[in-house]
Amino acid sequence: AQKITQTQPGMFVQEKEAVTLDCTYDTSDQSYGLFWYKQPSSGEMIFLIYQGSYDEQNATEGRYSLNFQKARKSANLVISASQLGDSAMYFCAMRGGTSGTYKYIFGTGTRLKVLA
Amino acid sequence: KAGVTQTPRYLIKTRGQQVTLSCSPISGHRSVSWYQQTPGQGLQFLFEYFSETQRNKGNFPGRFSGRQFSNSRSEMNVSTLELGDSALYLCASSRRTTHQETQYFGPGTRLLVL
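Going line by line, the protein sequences match chains A and E.
So the first sequence is numbered by this note's numbering: it starts at 1457 and just counts up by one.
So the second sequence is numbered by this note's numbering: it starts at 27 and just counts up by one.
The following block holds chain E by itself, in its conformation from the complex:
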């Protein structure tokens, strides 16, 4: 079974630009979550999508948005980039049952904002 894939793996942007990151979950998984990882703030939850609907959201400004398509692939968009948005962005594909939850992460997209 193929794992979670994220594209692109590396990205360099300048302040004020916008960026779109893509995540393809494990086949059959309908839940996709996004996280931001920085040395200063650690790992922070951005949002979760399930069946094309945003189900849960972390404490990030509206510049961070996402969507999920009918094939469960998800995109994350960051508009008006700031230097502080430089981070590793991780996507996770989840299966959740009554007694078990597993999250499989992709390799991440490393974003550098200049």
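The following block holds chain A by itself, in its conformation from the complex:
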């Protein structure tokens, strides 16, 4: 069975510091994709970053990077130079299965609060 685990329900970080949000996953699929999303209090889901299971390099998008450790089945999100606007709920997600049987599953989320 596929599973995403986010063990940090809430986190605080000081403005301008870096923060790591943890995500571990479980799947028996050889090919899968990993995502991180941000959901501010407004409710809209914002795509942050994607990592394919066959990609050997960690994905980066601006201040976001995904620390992909395949053997440990972890896909942690690193936010550098935190800003007040980064305060939000963050979800880790995985697309598993094969085309025609894809399933997207989400973790329970981590609520990040950036302190001034």
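None of these hints come from the bench; they were simulated from the model.
Everything numeric in this text was worked out from a predicted model, so none of it was measured.
From the three backbone atoms N, C-alpha and C, an ideal C-beta is built for every residue, glycine too.
Please note that the accuracy of each hint is not assured.
With a Cα cut of at most 30 Å, we get these calculated BS3-like pairs of lysine-lysine [said to hold, decoys possible]:
no., chain 1, residue 1, chain 2, residue 2
1, A, 1526, E, 83
2, E, 83, A, 1529
3, E, 83, A, 1459
4, E, 83, E, 39
Stretch-level coverage of chain A by chain E, calculated; a stretch enters the list once three of its residues show a Cβ under 8 Å from a Cβ in chain E [unchecked claim]:
no., segment
5, 1500-1506
6, 1550-1561
For chain A, the structure is supplied; the task is to place chain E on it using the hints.
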């Protein structure tokens, strides 16, 4: 480029009624996925449509159905509404290549079933 739009934004229905939600993807995107978000169950995948065909499906009862039109706009229908169907319904428009996949979400439709 316009983002993903969803209508209506808010909806109140009573048990037993049916509801239809609409989603217009980003221009050029052919894949549309639907998700349900509730405080108790979190985010759950409903289904994905690509070129008017349902390509993938989550674990929801048959009361939840959808379709996609030739212009890629998608609708989701829930029949015989139950109290537990109260949720935020999110639609996402996707581009998928060999090495990259991006999902852009709409603002959601908040459904309240009384």
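Hints, one by one, checked against the model:
1. A:1526 x E:83: Judged against 30 Å, a Cα distance of about 27 Å means the pair holds.
2. E:83 x A:1529: holds (25 Å)
3. E:83 x A:1459: holds (17 Å)
4. E:83 x E:39: The hint holds at about 25 Å.
5. 1500-1506: Result for this restraint: holds, n = 5.
6. 1550-1561: holds (count 9)
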